[in-house]
Amino acid sequence: MSIMEYNGGSVVAMVGKNCVAIASDLRLGNQALNVATFDKIFPVTDRIYIGLSGLATDVSTLRERFRFRVNMYTIKEEREIEPDTFAHLVSSTLYEKRFGPFFIEPVIAGISSPSRGSKPFIAAADLIGCLNFAKDFVVAGTASSELFGIAEGLWEPDLEPEDLFETISQTLLNAVDRDAFSGWGAVVHVITPDRVITRTLKGRMD
Amino acid sequence: MECQFALTGKGYVIVASDTTAARSIVKMKDDEDKIKTLGPHMLMSYSGEPGDTVQFAEYIERNLRLHQIRYHHPLRPSSAASWIRRQLADSLRSRSPYAVNLLVGGYDIATSEPHLYWIDYLGTMAHIPFAAQGYGSYFALSLLDRYHNPEASLEEGLETLRRCISEVEKRLIVGLGKFKVKVVDRNGTREIEL
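Chains as they are written, first to last, in our numbering: chain A, 1 to 206; chain B, 1 to 194.
In short, the hints are calculated from the structure, not lab data.
Even for Gly, the Cβ is constructed at its ideal location relative to N, Cα and C.
Please note that a few of the clues may not be correct.
As the list claims (entries may be wrong) - In silico negatives: residues of chain B with every beta carbon more than 10 Å from chain A:
| # | residue |
| --- | --- |
| 1 | S24 |
| 2 | K27 |
| 3 | P40 |
| 4 | I109 |
| 5 | D120 |
| 6 | L122 |
| 7 | Y138 |
| 8 | E193 |
Stated by the list, open to error - To give an idea of the chain A side of the interface with chain B (calculated C-beta under 10 Å), a few residues:
| # | residue |
| --- | --- |
| 9 | M1 |
| 10 | S2 |
| 11 | M4 |
| 12 | N7 |
| 13 | L33 |
| 14 | V35 |
| 15 | D58 |
| 16 | T61 |
| 17 | F68 |
| 18 | N71 |
| 19 | M72 |
| 20 | G100 |
| 21 | P161 |
| 22 | D163 |
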């Protein structure tokens, strides 16, 4: 049994027209046994969210580590971190443990600051920090293959926030229904330049 | 083969643990107390590798007591659980990790809410209304899904706990004997006879 599949869970992020969306399931399992609902997406700043799939203990540890490093960045730089800078911060944090890694696949979604054009941004990394700057969507977790398939079919460029919400919700719900280690509910965050809308989805609880 | 349950109710957390201390085929003791009192309003049950369990549990108990001495104020359940999780997460990648699974139940006097945390040996923490550790979880969790009521009185909560314990008695291949049951509520911690 792979360490990345021990607790289960999946995350997906997509780009829309002046918006991004990030969504994850809520399952925390102990191999085949469901234990709890466990949120895997955390706000980094008002406009950047990170979703962490993989081993749950490392999800909690890395969340605390990123919170610390972003706080230090904000204090030293006296400004909020940009999404692409944060992606590189994630990459270097993971590569520090190259020969004893955290068992995490992060997915980052955000919008750059107004001074840099409020551009939508998504990225994903592997467990040792290799970044993937996709233009359309990124996926991670036990249902990543399923997510790739459905996202490829449903995604189209320049979706408005409401349509992007529908697209990413259907992508996630149908993908996790095909995966035994993901599911148990879902949460979606749609990030626009002025606000973030968070919705919890009703999904199959099996 | 250890088995522990915990559930929250209206203003209380019940933590229950089996009382067997066994090695291989021998049951050495049948009155072992596996629930530590971490503070005036917090309990922690532990299970796992023998030796690691008591070492880790006493380490936690004493450090939380030290915090209370230094700051004249005990840690709230969520802060204590985060600290305990951090100790296990740090231990995981050390030379010899603790192999201990915990259930931490506490009553937060600031918000008058009961809290329960399931923490496993990797440092995975879940904040949930009811929980189980060990093989008992395979039998009890679905019973708790069906019969747990977060607004239940203490009597109703104990009745639900009795259901879980009888199911384990009936279906687990190893006979676990008596369970020790402790409750934490606004008045503090106490032991209960089921």
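These are the hints, each one checked on the structure:
| no. | hint | result |
| --- | --- | --- |
| 1 | S24 | holds, 25 Å |
| 2 | K27 | holds, 26 Å |
| 3 | P40 | holds, 27 Å |
| 4 | I109 | holds, 25 Å |
| 5 | D120 | violated, 7 Å |
| 6 | L122 | violated, 4 Å |
| 7 | Y138 | violated, 7 Å |
| 8 | E193 | holds, 30 Å |
| 9 | M1 | violated, 14 Å |
| 10 | S2 | violated, 14 Å |
| 11 | M4 | violated, 13 Å |
| 12 | N7 | holds, 7 Å |
| 13 | L33 | holds, 6 Å |
| 14 | V35 | holds, 6 Å |
| 15 | D58 | holds, 8 Å |
| 16 | T61 | holds, 5 Å |
| 17 | F68 | violated, 12 Å |
| 18 | N71 | violated, 17 Å |
| 19 | M72 | violated, 18 Å |
| 20 | G100 | holds, 7 Å |
| 21 | P161 | violated, 31 Å |
| 22 | D163 | violated, 34 Å |
Figure legend: structure checked against the earlier numbered hints; hints not met, in rising order: 5, 6, 7, 9, 10, 11, 17, 18, 19, 21 and 22.
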